[in-house]
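Peer 1: This is what each chain is made of:
2 protein chains.
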Amino acid sequence: MENRTLRVFKTMSYREKPNSEELAFGRTFTDHMFVMDYSDAEGWHDAKIVPYEPLKIDPAAMVFHYGQSVFEGLKAYLNPQGEPLLFRPRKNIARLNRSNERLCIPTLDEDFLLHALKQLIYIEKEWIPKADGTSLYIRPMIISTEPFLGVAPSKEYKLVIILSPVGAYYKEGINPIKIAVENDFVRAVRGGTGEAKTGGNYASSLKAQEVAGKEGYSQVLWLDGVEKRYIEEVGSMNVFFKIGDEVVTPELNGSILSGITRSSVIQLLKHWGISVRESKITIDELYQEYQKGNVEEVFGSGTAAVISPIGQLDWNDHKMFFNNGQTGKLSKELYETLTGIQYGRLNDPFNWIEKVATQQTMNKVG
Amino acid sequence: MENRTLRVFKTMSYREKPNSEELAFGRTFTDHMFVMDYSDAEGWHDAKIVPYEPLKIDPAAMVFHYGQSVFEGLKAYLNPQGEPLLFRPRKNIARLNRSNERLCIPTLDEDFLLHALKQLIYIEKEWIPKADGTSLYIRPMIISTEPFLGVAPSKEYKLVIILSPVGAYYKEGINPIKIAVENDFVRAVRGGTGEAKTGGNYASSLKAQEVAGKEGYSQVLWLDGVEKRYIEEVGSMNVFFKIGDEVVTPELNGSILSGITRSSVIQLLKHWGISVRESKITIDELYQEYQKGNVEEVFGSGTAAVISPIGQLDWNDHKMFFNNGQTGKLSKELYETLTGIQYGRLNDPFNWIEKVATQQTMNKVG
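Chain order of the listed sequences is A and B. The opening residue of the first sequence carries number 1 in this note's numbering; numbering runs sequentially from there. The opening residue of the second sequence carries number 1 in this note's numbering; numbering runs sequentially from there.
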C-alpha cells in the first residue's frame with residue numbers, strides 16, 4: 001500500500017502578495033506547492049508540501065516527448081467570514097482519476113489527495129485574494145517522468161499542485177462573447193482523448209483559436225470530429241442553449257469534457273423546475289431554431305468564467321445573435337447563484353461546498 | 001534576426017560508455033546536449049552545447065499543462081571507415097518546422113539547426129556504437145516553457161537535442177510481428193494533429209497499445225477516425241502492403257505521419273521499377289485481397305526498425321497470415337538496401353547521406 005505521510009517544508013523566503021485589484025489569470029504563484037512521486041516499486045509516495053520552485057526533470061522524461069499528462073482546475077474562495085471554501089473538489093479528483101485511466105497513469109487515493117489539497121490551501125490561505133470575484137486557482141497536474149524514449153506508459157510520475165491567485169473574470173460586468181463555428185480543425189473524436197483532461201486536447205486546439213482570434217472571435221465552437229455537425233464544446237467550456245422553455249446541452253459522448261460547472265448548471269436548472277435535455281444537437285438544428293426565433297440564450301460553462309454568455313455565433317455566412325447581444329436572465333441567475341454558493345454568500349442546498357479547516361494537524365512539519 | 005552563435009560548454013565528468021552488445025533503446029544518454037531558447041523579444045537565441053543534465057522548468061510551464069510540444073527522431077551511423085553519417089536529416093528538420101506550424105510554435109532556421117546537430121554529433125562521435133546494427137539515436141524536441149496557465153500559445157520555448165546510443169533493433173534476425181486492427185480507440189482524425197509529431201498523438205495511443213499488448217499483439221493497426229475503415233498507420237510506423245505486383249500504402253491525408261522511411265521506401269521501390277500506389281485503402285478491401293490470395297507481404301516502416309515485417313493481422317475474427325509468417329523477399333531487400341545506405345556500405349544514388357565532418361570549427365569553446 002502507498003505511503004500516506006505528508007511532510008511539510010516551509011519556504012525561507014516568502015513572496016510579496018500581489019494587489020487583489022491587479023490580478024490576471026494564471027501568472028502569479030504562491031509560496032508552496034504539493035508534490036508526490038510515483039514509481040512501480042513504491043506506488044504513489046513521498047507526498048510533501050515544499051517551497052514553489054522549478055522542477056528538475058531529465059530531458060528524456062516521457063512527458064516532453066509523448067505527452068502523457070493530465071491536469072485539473074478548481075478554485076478556493078473566501079466566504080464572508082474569511083474562511084476558505086472549495087467547490088465540489090471530490091468531483092475534480094474523481095475526474096483526475098478518470099483522466100489517469102485513459103492516459104495509462106496510475107490512479108490516486110482520492111481521500112488522501114483531498115486531504116493534501118486542504119493542507120496546502122490551509123498553509124497558503126493568506127494567498128486567497130479578498131477582492132470581489134477573486135479566488136485562488138488550484139492546478140493539480142500529473143506528468144510522466146521516466147527518462148525513456150520508448151513509446152509506452154511511463155513507470156515514473158510526478159503529481160504537482162500549484163496555486164495561483166486570480167482576478168475577477170468579469171471586471172466590468174459580464175460581457176457576452178462572439179464565437180465562430182470551427183469548420184476545419186477538430187478538437188477530439190470518439191475513441192480519442194476528448195473526455196480526459198490531458199495536454200494534447202489543448203495543444204490541438206491552439207491553431208483554431210489563433211485563426212479565430214485574428215478574425216475577432218473570442219473562442220471557437222467545436223463540432224464533432226466524425227460528421228462535423230454535432231455541437232461539442234465552446235473553446236474550453238461546455239455549452240448550453242435555451243431553446244423555448246427548455247435548456248439543451250450536448251450529451252457526454254466520450255469526446256466532450258464532463259465539466260463540473262456543467263453538472264452543477266444542470267442540477268441547478270432541474271432544482272428550479274426548468275427542463276434540461278442532454279442530447280445530441282446539430283449546428284443545423286440550432287440554426288433552424290434560431291431562424292424560428294426560439295433560441296433565447298446561449299452560454300458556456302467552466303471553472304474560470306463560471307457562466308460565459310454568448311452574444312453572437314457565426315456559422316459560415318450565417319450570423320446568429322442571441323438576446324440582442326445582452327446577458328440573458330437565466331445566464332445571470334445561474335452566474336449569481338453559482339458564485340453565491342461558491343463564495344458562501346448563498347445557502348448550499350446540494351452540499352457542494354467543502355470547508356478547509358482553519359486549524360489543521362500536520363503529520364510532520366519540516 | 002536570430003542570434004546564430006553556438007557556444008560549447010564541455011562536461012567535467014565524462015560518463016562511462018555502455019557495451020555496444022548490451023544496448024537497449026532510449027535508456028542511455030550521452031555526455032552533452034544541445035539547447036536553444038525562444039522568447040518573443042529575442043527569437044530563437046542562446047544556442048549552446050552543454051553537459052547533459054536535468055532541465056529546470058517552472059511547474060507552471062505550459063508544456064506540462066497544455067501539451068504544446070513537438071519532436072523528431074533520426075539516427076547517426078558509422079560507415080566502415082568510422083565516419084559518422086546522417087540519413088536525410090534535412091527531412092526531419094523540415095518536418096519539425098511543419099509540426100511547429102500546426103502546434104503554433106515559432107519555426108526554426110533549418111540550416112542553423114542542421115549545423116548545430118552536426119556539431120553535437122561531432123563532439124559526441126565516440127558515443128556512436130560500433131557493433132552491427134547499432135546507432136546513435138537523435139531526439140530533438142521543443143517544449144513550451146512560459147509559466148502561464150492561460151490556454152494560448154506559449155511565448156517561451158526550449159529546444160533540446162539529446163542523443164542515445166541504441167542497440168540493433170533485430171538482435172536475432174528480423175522477426176515478423178503480430179498486429180490487431182484497433183476498433184475502439186482512435187489515434188488521430190482529419191483536422192486534428194495526426195500529421196504532426198507531437199506528444200498528444202502518442203499519449204492517446206498508449207491505451208490501445210496496452211490493451212492489445214495484453215492480448216499478445218505487438219502493435220495495433222489504426223483505422224481513420226471518421227469512418228473507421230481506412231487504414232492509417234501501424235503502431236508508430238507507416239504501413240505497406242504488397243498486393244500482387246503492386247505496393248500500396250495509405251496516402252498522406254493530414255492524419256497520417258509523413259514518415260521519412262516511408263518516403264525512402266517509396267523512392268526505392270520506384271527506382272527498382274516496382275509499382276507503388278499511395279491511395280486510400282480500407283480494411284475490407286485488404287481482407288478481400290487477402291481472401292483472393294493476393295496479399296504477398298505486409299510491413300511497417302519507421303526510423304527505429306527501418307522495416308518491420310508483419311506476419312499476422314487480426315481484424316475481429318478474421319485472421320490474416322502473410323508470407324507464412326516469414327519475412328518477405330521485398331521486405332528483406334528494402335531492409336538490406338536502406339540499412340546498407342544508412343551505414344555507408346552501399347552506394348547512395350539519392351544523396352540521402354550527409355557526412356558529419358570530422359574536423360569542425362567551433363564558434364567558441366567554453
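Treat the hints as calculated values from the structure; they're not laboratory data. Keep in mind that this is a model prediction, so the values were computed, not measured. Accuracy of the hints is not assured; some may be wrong.
It does not matter which identical chain is meant; a pair holds if it fits inside one copy or across any two.
Unchecked claim - BS3-like mimics (lysine-lysine), calculated; alpha carbons at most 30 Å apart, straight line:
| id | residue 1 | residue 2 |
| --- | --- | --- |
| 1 | Lys56 | Lys118 |
| 2 | Lys125 | Lys17 |
| 3 | Lys155 | Lys214 |
| 4 | Lys125 | Lys292 |
| 5 | Lys171 | Lys155 |
| 6 | Lys228 | Lys207 |
| 7 | Lys17 | Lys329 |
| 8 | Lys207 | Lys329 |
| 9 | Lys10 | Lys130 |
| 10 | Lys214 | Lys270 |
| 11 | Lys125 | Lys319 |
| 12 | Lys280 | Lys56 |
| 13 | Lys292 | Lys270 |
| 14 | Lys125 | Lys10 |
| 15 | Lys118 | Lys319 |
| 16 | Lys130 | Lys355 |
| 17 | Lys178 | Lys355 |
| 18 | Lys17 | Lys178 |
| 19 | Lys125 | Lys270 |
| 20 | Lys178 | Lys155 |
| 21 | Lys178 | Lys125 |
| 22 | Lys17 | Lys56 |
| 23 | Lys155 | Lys17 |
| 24 | Lys155 | Lys329 |
| 25 | Lys332 | Lys10 |
| 26 | Lys56 | Lys228 |
| 27 | Lys214 | Lys48 |
Peer 1: Compare the structure with each hint and give your call.
Peer 2: Status of the hints after comparison with the structure:
no.: 1; hint: Lys56 / Lys118; verdict: both (25 Å within a copy, 27 Å between copies)
no.: 2; hint: Lys125 / Lys17; verdict: within (12 Å within a copy, 50 Å between copies)
no.: 3; hint: Lys155 / Lys214; verdict: between (42 Å within a copy, 17 Å between copies)
no.: 4; hint: Lys125 / Lys292; verdict: neither (51 Å within a copy, 72 Å between copies)
no.: 5; hint: Lys171 / Lys155; verdict: between (44 Å within a copy, 25 Å between copies)
no.: 6; hint: Lys228 / Lys207; verdict: both (17 Å within a copy, 25 Å between copies)
no.: 7; hint: Lys17 / Lys329; verdict: neither (37 Å within a copy, 70 Å between copies)
no.: 8; hint: Lys207 / Lys329; verdict: neither (34 Å within a copy, 44 Å between copies)
no.: 9; hint: Lys10 / Lys130; verdict: within (23 Å within a copy, 51 Å between copies)
no.: 10; hint: Lys214 / Lys270; verdict: neither (39 Å within a copy, 44 Å between copies)
no.: 11; hint: Lys125 / Lys319; verdict: neither (46 Å within a copy, 61 Å between copies)
no.: 12; hint: Lys280 / Lys56; verdict: neither (45 Å within a copy, 45 Å between copies)
no.: 13; hint: Lys292 / Lys270; verdict: within (25 Å within a copy, 59 Å between copies)
no.: 14; hint: Lys125 / Lys10; verdict: within (14 Å within a copy, 46 Å between copies)
no.: 15; hint: Lys118 / Lys319; verdict: neither (46 Å within a copy, 54 Å between copies)
no.: 16; hint: Lys130 / Lys355; verdict: within (17 Å within a copy, 63 Å between copies)
no.: 17; hint: Lys178 / Lys355; verdict: neither (37 Å within a copy, 54 Å between copies)
no.: 18; hint: Lys17 / Lys178; verdict: neither (34 Å within a copy, 59 Å between copies)
no.: 19; hint: Lys125 / Lys270; verdict: neither (34 Å within a copy, 68 Å between copies)
no.: 20; hint: Lys178 / Lys155; verdict: between (44 Å within a copy, 25 Å between copies)
no.: 21; hint: Lys178 / Lys125; verdict: neither (36 Å within a copy, 56 Å between copies)
no.: 22; hint: Lys17 / Lys56; verdict: both (25 Å within a copy, 24 Å between copies)
no.: 23; hint: Lys155 / Lys17; verdict: between (38 Å within a copy, 24 Å between copies)
no.: 24; hint: Lys155 / Lys329; verdict: neither (51 Å within a copy, 39 Å between copies)
no.: 25; hint: Lys332 / Lys10; verdict: neither (42 Å within a copy, 62 Å between copies)
no.: 26; hint: Lys56 / Lys228; verdict: neither (42 Å within a copy, 42 Å between copies)
no.: 27; hint: Lys214 / Lys48; verdict: neither (43 Å within a copy, 35 Å between copies)
In terms of the numbered hints stated before, the structure departs from hints 4, 7, 8, 10, 11, 12, 15, 17, 18, 19, 21, 24, 25, 26, 27, listed from lowest to highest.
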